[in-house]
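A.B. asks: Since the structure of chain W is provided, determine the placement of chain V on it from the hints.
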Amino acid sequence: MSVRCLFLCLWLCASAHAQGFAGLGAPAKGFASPVRGGELSFPADHGAHSEYRIEWWYLTANLEDSQGRPYGAQWTLFRTALTPGEGGGWSDPQLYMGHAALTSRTDHVFAERLGRGGTGQAGVRTSPFGASIDDWSMKSLAAAEADPLSHLELFAAGPAFSYRLTAKSDRPLILHGDRGYSLKSASGQASYYYSQPFYKVTGEIELNGRRTKVSGQAWLDREWSSQPLAADQTGWDWFSLHFDNGEKLMGFSLRDSANGFSSGTWISREGRGIPLSRNSLKAIPLAYTRVEGRRIPTRWRIVLEARRIDVTLRAINPKAFMKTSAPYWEGPVTISGSHPGQGYLEMTGYE
Amino acid sequence: MLTVALKALLSHWVRSPFQLTMMLIGLSAATALWSGVQAVNSEARASYDSAASQVAGERFSRLEAPDGQDFDEENFIRLRRAGWLVSPVLEGTTILQGEAVRVLGVDPLTLPSGAVSVDPAAPGRLGAFLSRPGLILASADIAAKLSGRIPQTIETSEDLPDGTVVADIGLAQMLLDRPGRISRLIVASEQRSGLTALQSLVPELELRAPAAANDLARLTDSFHLNLTAFGFLAFVVGLFIVYSAVGLAFEQRRPTFRTLRALGVSTATLSGLLVFELGVFALVGGALGVVLGYGVAGLLLPGVSATLEGLYGAVGPQSLTLRPSWWISGMALSALGVFAASAQGVWTIWRMPVLASAQPRAWARASRAVRLWQAGFACVFCAGALILLQVGNGLLAGFAVMGGLLLGAALALPLLLSATLEGLRRLARTPLTEWFFADTLLQAPRLSFALMALLMALSANVGVGVMVSSFRLTFNAWLDQRFVADVYVSARSSEEGDRLFAFAAPRVQEALPIWGAEARLGDLPGEIFGVAVSASYRDHWPLLEAVPGAWDRVETGGEILINEQLARRRDISPGDVFVLGPGWSARIAGVYSDYGNPEGQALVEISEFRRRFPDAPRLRYAFRTREGDTDAFMRSLVSEFGLPSEAIIDQAQIKAVSRRIFEQTFAVTAALNALTLSVAGLALFASLMTLSSMRVSQLAPVWAMGARLPGLAGLELLRTAGLALLVTLAAIPTGLGLAHVLLSVVNVEAFGWRLPMHVFPGDWLQLGVLSMIVALASTLIPAQRLAYMSPSVLLKVFTSER
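Sequence lines, in order, name chains W and V. The opening residue of the first sequence carries number 1 in my numbering; numbering runs sequentially from there. The opening residue of the second sequence carries number 1 in my numbering; numbering runs sequentially from there.
Among the clues, some could well be false.
[Claimed, not checked] Okay, the calculated beta carbon distance ranges per label pair:
| no. | chain 1 | residue 1 | chain 2 | residue 2 | range |
| --- | --- | --- | --- | --- | --- |
| 1 | W | Asp-65 | V | Ser-607 | 40 to 46 Å |
| 2 | V | Pro-133 | W | Arg-299 | 49 to 55 Å |
| 3 | W | Asp-107 | V | Gln-69 | 43 to 49 Å |
| 4 | V | Ser-573 | W | Gly-209 | 22 to 28 Å |
| 5 | V | Pro-203 | W | Gly-88 | 51 to 57 Å |
| 6 | W | Ser-127 | V | Asp-72 | 25 to 31 Å |
| 7 | W | Asp-65 | V | Pro-133 | 51 to 57 Å |
| 8 | W | Gly-88 | V | Leu-207 | 29 to 35 Å |
| 9 | V | Cys-379 | W | Arg-299 | 58 to 64 Å |
| 10 | V | Pro-203 | W | Lys-200 | 40 to 46 Å |
| 11 | W | Ser-215 | V | Glu-527 | 47 to 53 Å |
[What the hints assert, rightly or not] For the chain W half of the interface with chain V, some residues (derived, Cβ under 8 Å), not all of them:
| no. | residue |
| --- | --- |
| 12 | Leu-82 |
| 13 | Gly-89 |
| 14 | Trp-90 |
| 15 | Ser-91 |
| 16 | Leu-114 |
| 17 | Thr-119 |
| 18 | Asp-135 |
| 19 | Pro-159 |
Hints in this document: simulated from the structure, not taken from any laboratory. Cβ atoms here follow ideal geometry from the backbone N, Cα and C, with glycine treated the same way.
Chain W extracted, bound-state conformation (with noise of 0.2 Å):
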């Protein structure tokens, strides 16, 4: 996936930038930045990367329950750091921001948690691998020379919901880009990106007061990088598909004030990765939906001549708003057309 909010930045420094969907576009001041050929190393790459402004562990999950409901689960955990490197206690410039979701068709629940990295009270750990903010948590259930991403546990809850998933995967990491190294603009803004795109998930969900087993699939992202949109991409549209077939695709389509900047990935049932060339993914709105004020396009078509793909995608749930501190669309998708399947649709930047 391309260029996963962070959010905190509108947040933290709102009014000072007016660059780009929250701040994202602000310059980097004594961060680090991705480079090309920079080679990601496992497991230390699934912590945190303090000395880069933002960074985020991003689950989401397309689940059903035993009469064949659709749903979909968000995990996600970002950090953003108001300076390079770790402090201790109260001082420490690492804060973090989760939020998570629950999507039924009649029904979207979300919860929005934030605490400093050097309290305890929220951060991520490689060994064992576990990732956390309060009570919401996900966890490495992995064998020790597994990866620790191949299997995990999830919870996050609200004061509408909760659940607890457990996700497993046998097939190896997605590296998106040049090996991780992921182009976001024409002007060479980048981040590192990977993917584990192949869990099975199974696990109990409840929402408004009753419970339901489900199982499913779920694809994380793990993205970092200190200023990854070019300042005049004011949002952007991001798919992350599972056909029915096996196969995967991840794209996104950044808007500027020219003709926009999409790029992704083609994944293969083994879990071969191919980048898509730049532009050569069409994503083109069919409907808008009015949620929370806005206009947001909750069907789409999607084109990618090269692998013959053309499809529809249609919102489980268009009013899947994340109404949190910088808000953004975020939900479970049905695809119809040459390639039927499910995935997760998320759209920012949209007034």
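C.D. replies: For chain V alone, kept in the frame of chain W given last:
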């Protein structure tokens, strides 16, 4: 030229010092009552605010160490990791650059919104607040002293009490030298379900219920609105005085204006000079008014404090500080009043042709057309009030209805008076009586403003009187019903309470535990009481509405009773299901009246109560003693059981306390009422005094035809008394209308209870007498002047006849 013209204009006031005095008195009385009431209101609000912001997070439940000391911040992490939404606060005092500063440390990332009076998480501020060296929010005095002398950026906040700064919790720990320590944890009001209990996570901390500060502001708002409405009424009544004084001065100076215009003073200059003159009056009257208002506020303050404490349990303001804002608002109000009252006069001068007649027309005569216009407006106001009564809701609408009613009635008064007088004149038999009615008819429009003011003051008096006495009657009946036990006792501990019960049970006819716990009823703060259902409750507890067999349902069916306040606020009634708390909903068996209690309340059966609140203190009991045994039983509680005598209250005492609180509730309203009535009396006096000097030319012919002066003076007294009587008669229906609005709209909104209206005609007789005394007192001087008028003055009328 300018100076000469100004001197000519001002000389009028030198020649008529009485008019000047009246004008200034009217202006300062109007300003004084209004600004006094505003001062009281703002003092009261300031005292709630400072109480609320003294400690951050007062509105929320808090976890504190039992001894109130600091504790380890590790508790914060432990609770957050268990899913509890809590936020740490560190509070302490330190010396910064030689200044004593109260430091409030907060964590903006977890702080529930609205927990402190400032928002450290405001956009653009948070980054700096969390960074080091950091940003602190400081009260204005501290900001001025520390700015540039400490490494932190300082932002001034008006919302902080003096001497206070708000900083990031980490910075506060450093400034206070208490690393790793916190004073308390704020517990957010919304928590998810299924959390591990606080007692097992942090057994060493105690959960404290939120202070009622915020609810207090909501509850007391109605009280302050009440005061404001009366203050405004007094202001309007005061303006009538100014209007009549200014109107008269303009009329009497018409020759001067004409002469000045003829001498070459332009209309612009003349109007400018008049505006300047009025500005000076506004300034002087306003200054006097503010000083007087300070006095009024000082007078009202103890009553207001007592009411607030008695009725709402709020700590009311104890002292008065003269704030610059009063001066400004007082002056502005005074200027507004002067210019509103004189706009018509200045406008006339602006348009007056140079050669206009210099004939003083006394007052602009209220012609038939004007009266019809007034009647039209009266209808509009009354109709508006009636419509609003049907469709509007809320306290403000209630006061708007009252305002419409008052203004409508006041505007209708002149027409009513002239119709009545016309009718009476037709009945007159002797020439003198006919002259008397005709003359009264002529006077009425000139007096109309003063009479309107009197009508408004009297109507308010009737309305408030009916409300208070209705309330008193209902309240007393309710007290007799509700306090049926003979002795009420408080134990010092639950253990003592248990022993007390065992001790007393065999000695009395009935022993009734009164155990309560503070709880949130839905989203409102309130109390839940456990009662042992017995004959005493069945026979006496004042139920307003109930399903059949309500007490049986409470006793065995797990149903509850709620007070009227709760029923109205939540719009629920018997038969509905009410959610008392997480996992506890119960059907409502009945609603009872609960006067004097600002909060919601629910009664449940005692065993249910003990199951839900196992830790609630078991301290209070009510006992019904055997016939004639009360004193002996009370003595045995002291001598045999060993209770301190102040822990025992008998029924008579508890009723007396309740009645005292009740009387205090309306003491301030009564005081304002009396003040308004006196201002109206003053208006009448001012009008009569100025009229009396102008009436010589009308009285002289009657005198010349043989009527004796003392007789004429007697007629003057009779006339004023008669007019006052008519106004009182008009005030009664208006007042009853007001009372209806007060009882069924304002009280329901303000206190949460509706009262039946009880009418006491005896009170009106009293009021009629009072208004006549006011009227006669205001005529006394003019009448006396007339009685002893030298014949030469009267003769002069004929010699100088134009």
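A.B. asks: Next, verify each hint and record whether it holds.
C.D. replies: Hints versus structure:
1. The supplied range of 40 to 46 Å is met by Asp-65(W) and Ser-607(V), whose beta-carbon atoms lie about 42 Å from each other.
2. For Pro-133(V) and Arg-299(W), the hinted distance range of 49 to 55 Å is satisfied, since their beta carbons lie about 51 Å from each other.
3. The hint said 43 to 49 Å for the Cβ distance between Asp-107(W) and Gln-69(V), and at roughly 45 Å that hint holds.
4. For Ser-573(V) and Gly-209(W), the hinted distance range of 22 to 28 Å is satisfied, since their beta carbons lie about 27 Å from each other.
5. Our hint of 51 to 57 Å for Pro-203(V) and Gly-88(W) is violated, since their Cβ atoms are close to 28 Å apart.
6. Look at Ser-127(W) against Asp-72(V): about 28 Å separates their beta carbons, and that is inside 25 to 31 Å.
7. The supplied range of 51 to 57 Å is met by Asp-65(W) and Pro-133(V), whose beta-carbon atoms lie about 53 Å from each other.
8. Checked against the given bound of 29 to 35 Å, the beta carbons of Gly-88(W) and Leu-207(V), roughly 30 Å apart, stay inside it.
9. Separated by about 59 Å at the C-beta atoms, Cys-379(V) and Arg-299(W) satisfy the suggested range of 58 to 64 Å.
10. The supplied range of 40 to 46 Å is met by Pro-203(V) and Lys-200(W), whose beta-carbon atoms lie about 42 Å from each other.
11. Against the hinted window of 47 to 53 Å, the Cβ-Cβ separation of Ser-215(W) and Glu-527(V) comes to about 48 Å, which satisfies the hint.
12. The interface hint given for Leu-82(W) is met, as the beta carbon of that residue sits about 5 Å from the closest beta carbon of chain V, less than 8 Å.
13. Look at Gly-89(W): its Cβ gets to within about 6 Å of chain V, closer than 8 Å, so that hint holds up.
14. This hint holds: Trp-90(W) has a C-beta 2 Å from the nearest C-beta of chain V, less than the 8 Å allowed.
15. Satisfaction of the interface hint for Ser-91(W) is found here, the shortest Cβ-Cβ separation to chain V being roughly 5 Å, below the 8 Å cut-off.
16. Interface hint at Leu-114(W): satisfied, since its Cβ lies 4 Å from the closest Cβ of chain V, which is below the 8 Å cut-off.
17. Interface restraint check: Thr-119(W) against chain V, minimum CB-CB distance 6 Å, threshold 8 Å, status holds.
18. Evaluation of the Asp-135(W) hint against chain V yields a held restraint, the C-beta minimum of about 4 Å falling below 8 Å.
19. For the restraint placing Pro-159(W) at the interface with chain V, the shortest Cβ-Cβ distance is roughly 5 Å, inside the 8 Å limit, so the hint holds.
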